[in-house]
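Chains as they are written, first to last, in the numbering used here: chain A, 1 to 251; chain B, 252 to 684.
No lab work stands behind these hints: they were computed from the structure. One or more hints might be untrue.
A few chain B residues facing chain A, derived, Cβ under 7 Å [claimed, not checked]:
#1 A631
#2 F633
#3 Y634
#4 R636
#5 R638
#6 P641
Remember, predicted model here, so these are calculated numbers, not experimental data. Just so it is clear, CB atoms sit at the ideal spot from N, CA and C, and this is done for glycine as well.
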Amino acid sequence: MLSIKNLHVKLEEEDKQILKGVDLEIEPGKVHAIMGPNGSGKSTLSYVLSGRDGYEVTDGNATLDGEDLLEMDPEERAAAGLFLAFQYPVEIPGVGNMTFLRTAVNAQRKSRGEEEMSAGEFLKLVREKAKALKIDADMLKRPVNVGFSGGEKKRNEILQMAMLEPKMCILDETDSGLDVDAMKLVSDGVNALRDAGRSFLVITHYQRLLDHIKPDFVHIMADGRIIKTGGPELALEVENNGYADILGETA
Amino acid sequence: MANPQAKQTLTEARLDGLSMPGGASWAVEARKAALARVRGGGLPTRRDEYWKYTDPSSLTQAVAQRAALFHAGDEMPIFDGLDRLRIVFVDGVFDAEASDDLALDGVEIERLSDALQKDIHWARDLYGMLETRGQTPVSRPLAALNTAFATDGVVIRVTGTPSRPISLTYLHNSETSDAILHHLVRVEQGAEVTILENGPAAARFNKCMEISVADHAGFHHVRAQGRDHERRAATHMFAQLGEESAYKSFTLTANGVMTRNEHVIELTGDNASAHVAGAAMGDGKKAPFHHDDTVFVTHDAVNCESRQVFKKVLRNGAEGVFQGKILVKPGAQKTDGYQISQSLLLDDDSISLAKPELEIYADDVICSHGSTTGAIDETALFYLRSRGVPTEIATDLLVLAFLDEAIQEIADDRLADDIRLRLQQWLERHRQG
Numbered sequence: 001m002l003s004i005k006n007l008h009v010k011l012e013e014e015d016k017q018i019l020k021g022v023d024l025e026i027e028p029g030k031v032h033a034i035m036g037p038n039g040s041g042k043s044t045l046s047y048v049l050s051g052r053d054g055y056e057v058t059d060g061n062a063t064l065d066g067e068d069l070l071e072m073d074p075e076e077r078a079a080a081g082l083f084l085a086f087q088y089p090v091e092i093p094g095v096g097n098m099t100f101l102r103t104a105v106n107a108q109r110k111s112r113g114e115e116e117m118s119a120g121e122f123l124k125l126v127r128e129k130a131k132a133l134k135i136d137a138d139m140l141k142r143p144v145n146v147g148f149s150g151g152e153k154k155r156n157e158i159l160q161m162a163m164l165e166p167k168m169c170i171l172d173e174t175d176s177g178l179d180v181d182a183m184k185l186v187s188d189g190v191n192a193l194r195d196a197g198r199s200f201l202v203i204t205h206y207q208r209l210l211d212h213i214k215p216d217f218v219h220i221m222a223d224g225r226i227i228k229t230g231g232p233e234l235a236l237e238v239e240n241n242g243y244a245d246i247l248g249e250t251a
Numbered sequence: 252m253a254n255p256q257a258k259q260t261l262t263e264a265r266l267d268g269l270s271m272p273g274g275a276s277w278a279v280e281a282r283k284a285a286l287a288r289v290r291g292g293g294l295p296t297r298r299d300e301y302w303k304y305t306d307p308s309s310l311t312q313a314v315a316q317r318a319a320l321f322h323a324g325d326e327m328p329i330f331d332g333l334d335r336l337r338i339v340f341v342d343g344v345f346d347a348e349a350s351d352d353l354a355l356d357g358v359e360i361e362r363l364s365d366a367l368q369k370d371i372h373w374a375r376d377l378y379g380m381l382e383t384r385g386q387t388p389v390s391r392p393l394a395a396l397n398t399a400f401a402t403d404g405v406v407i408r409v410t411g412t413p414s415r416p417i418s419l420t421y422l423h424n425s426e427t428s429d430a431i432l433h434h435l436v437r438v439e440q441g442a443e444v445t446i447l448e449n450g451p452a453a454a455r456f457n458k459c460m461e462i463s464v465a466d467h468a469g470f471h472h473v474r475a476q477g478r479d480h481e482r483r484a485a486t487h488m489f490a491q492l493g494e495e496s497a498y499k500s501f502t503l504t505a506n507g508v509m510t511r512n513e514h515v516i517e518l519t520g521d522n523a524s525a526h527v528a529g530a531a532m533g534d535g536k537k538a539p540f541h542h543d544d545t546v547f548v549t550h551d552a553v554n555c556e557s558r559q560v561f562k563k564v565l566r567n568g569a570e571g572v573f574q575g576k577i578l579v580k581p582g583a584q585k586t587d588g589y590q591i592s593q594s595l596l597l598d599d600d601s602i603s604l605a606k607p608e609l610e611i612y613a614d615d616v617i618c619s620h621g622s623t624t625g626a627i628d629e630t631a632l633f634y635l636r637s638r639g640v641p642t643e644i645a646t647d648l649l650v651l652a653f654l655d656e657a658i659q660e661i662a663d664d665r666l667a668d669d670i671r672l673r674l675q676q677w678l679e680r681h682r683q684g
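The shape of chain A in the complex, shown without the other chains (with noise of 0.2 Å):
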C-alpha cells in the first residue's frame, strides 16, 4: 500500500533538514503506529505525505500503490486515496460543512471517472454516518469547523475520513485535545473503518489511543528516523519507561 524509501527532508526555508532517510512498508489492512518525543519529525513525515508547501524532498521516495506520491498535487494524492486527519483542523469561516463534504465527495469521485453522488443520496449517507460520531445537524450546517470544540473538529476529522474513504489514512495526533469519551467515540469511527484493504497510520505521542485502536506495528522515530520497530509490547515500554531507553538503546 505505502511505500516510503529513504526519505529525506528538509524545511524550504531555512536549510533544516528534518527527515534524515525514513523506510516504512504498510500492508493493506495493517494499522501502523509511530510515537516518538517532540520533534521527531512525525508531523512532518504526515505533511510531506500530504503534500503540504514547504517541505522540500531532498532523497529517497514515497509510494501509494506503486504511484510516486511526492509528484502529485495534494488533491490528487486524496483522489488516490491518501486521507491525512490533521492534528489542528482548520477553520473555514463561510464554507459550510456540508457543502464542504459535498464538494470533496463530488470531486474525487469525478476525479475518479466516477459518477457524482446526488443530492439525495449524499444527504442520506451523511446522516448515517454523522449519526454513528454523534455529530449532529447544526455542525453540518455551521462553516468548517468554525466554533467547534477540540473534540467536535476531530470529530469532524473522522467523518470526512469515513464520507471519502480513503485506502491509506493518516491519523496526526488524533488523540490530542480529547477526553476520554470523545477518544473513544473517535477509536470506534476508526475501528468502523478498518478493513481488510484500508491501511492506517497512527501518529501519537500517547499509548492510551493504541488501546482503543489496536496497531499491528509500532515505529519509534527520532531525529528524523524510524529507530526501532516491534508489536504493541513497545508502545507499553514507551509508556512505562519513556523514550530515554530506546534511545538510548540505538545511540
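For chain A, the structure is supplied; the task is to place chain B on it using the hints.
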C-alpha cells in the same frame, strides 16, 4: 497643483455636448441651479483629493468611449425568476413596450420627464434637493451634472407596501450610448419598497437616485451592475432617513472598466438605520477593471445605526478603491457606526486602495472601522485540497465565503441566493488554466 483654466476647459467641453431639457419652471430652475454647481467647482480631475484613486477623465470627457456589447448567451438574466414590476430603459431611454404597466398597489410611478412638466408635483421637493445637500462638505460635480441634464428616469412615490419589487433594467444596445438617468424615490411614512436595478445601461452611464425615506418607512435596494467589460458608470445614491426608518442597499459588480458608486446617506431621524454593502469581482484579463465604492454616511440624530460592508476580489491587474466616511454630528449621541472594507487579491498584479475615515463630534458613540487587503488563506486552501478539492474549486469556495458577509446584508433570501448563484457562475466562467 490645481489648474483652474484646464478644469474650466474640460467642464465646458463636456457641457457643450449637452442640452438642458425643458419643463415646468421649478424644474428648469432646479436644473439651472445644478448647472451653476457644475460650473462653480468644475468637473473632477485626478488632482481632486476625492478622485485621487480613480481617474475620472473617461467619465467627464466630452464624448463617451465606445463599449463593446456583452453577450451573456443563454444565461438567464438576473432577477428574471422573480415576480416584479419591470421598468426597462434601453441605452438610457424608457422603453414602454418592454416595460410593465406602471401600476401597482401602494405606489405611484411616473416617468421623470412627465413629472418635471407638471407645475404642481411632489417631485419639486426632491429633485436636486438631496443631491444639493450632498455637495457639502465634498462636491460631487457628476451628480450635479446629472440633475442639470438628466433626460429620463422614474419618480416613485410609495404610499403602502407594494406586493412586488420594482425593478429597473438597463439594457445596452449601442456601443456609443451615453446615458444620464435620474430617479426619485419617496417612501411615505410607514411604507416600504424594494427597488432592484440591473444592467449596464450604456457605454457610459451617469445615474443619480434621490431617496427620501419618511418616518417608520423602509427602502431596500439590490443592484447588479452590467457585465459589459468596457462599460463606464458613475452612480450616486442620495438618501435622507427619517425616524425609525431603514435603508438597505447592496450592489454586485462583476466586470466594468470604470465604476464609481457613491452613496451619500444622512440619518436625520432618531433610531434610523442605514446599511450599505457591495461585492465586487474584478478580473483584468479581458479588459481592465476599476471599481470605486465611495460612501459618506452622516449621523445627525440620536441612536442611529449604520453599517458599510464592502468586499472585493481582484485578479489580473484589477483595481479596487474604497473611500468610506462616517460623520457623527454634534448631538448625534448613541450612534452605532460600523465600516469594513476588505479586498482579496488573487495575484501580485492587482491593487486595492482604501481610505476609511471617521469624524466624530459626539461623545457617546460606538464607531469602528476596519480595512484589510490580503491573499487567499493558504492553510485553508491546503485543507480543502487535501480532501480532494481541486485548487480552482477550492479557491472559488474561499472567494464565495469571503464575499458572503456583504451578501448577508441582503434582507430577502431569494435575492441573496440569486446573487450567490451569479457569483458562482461568474467564478466558473472565469476559471483560469
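Okay, the hints, checked on the actual structure:
With a cut of 7 Å, the hint placing B/A631 at the interface with chain A holds, because the nearest CB-to-CB distance is about 5 Å. Annotation: interface hint on B/F633 holds; nearest CB of chain A at approximately 6 Å, less than 7 Å. About 4 Å separates the beta-carbon of B/Y634 from the nearest beta-carbon of chain A, less than 7 Å, and the hint is met. For B/R636, the interface hint holds, the least distance from its beta-carbon to any beta-carbon of chain A being 4 Å, beneath 7 Å.
Evaluation of the B/R638 hint against chain A yields a held restraint, the C-beta minimum of about 4 Å falling below 7 Å. With its C-beta approaching chain A no nearer than about 5 Å, B/P641 sits inside the 7 Å limit, and its interface hint holds.
Violated hints are absent here; each numbered hint is respected by the structure.
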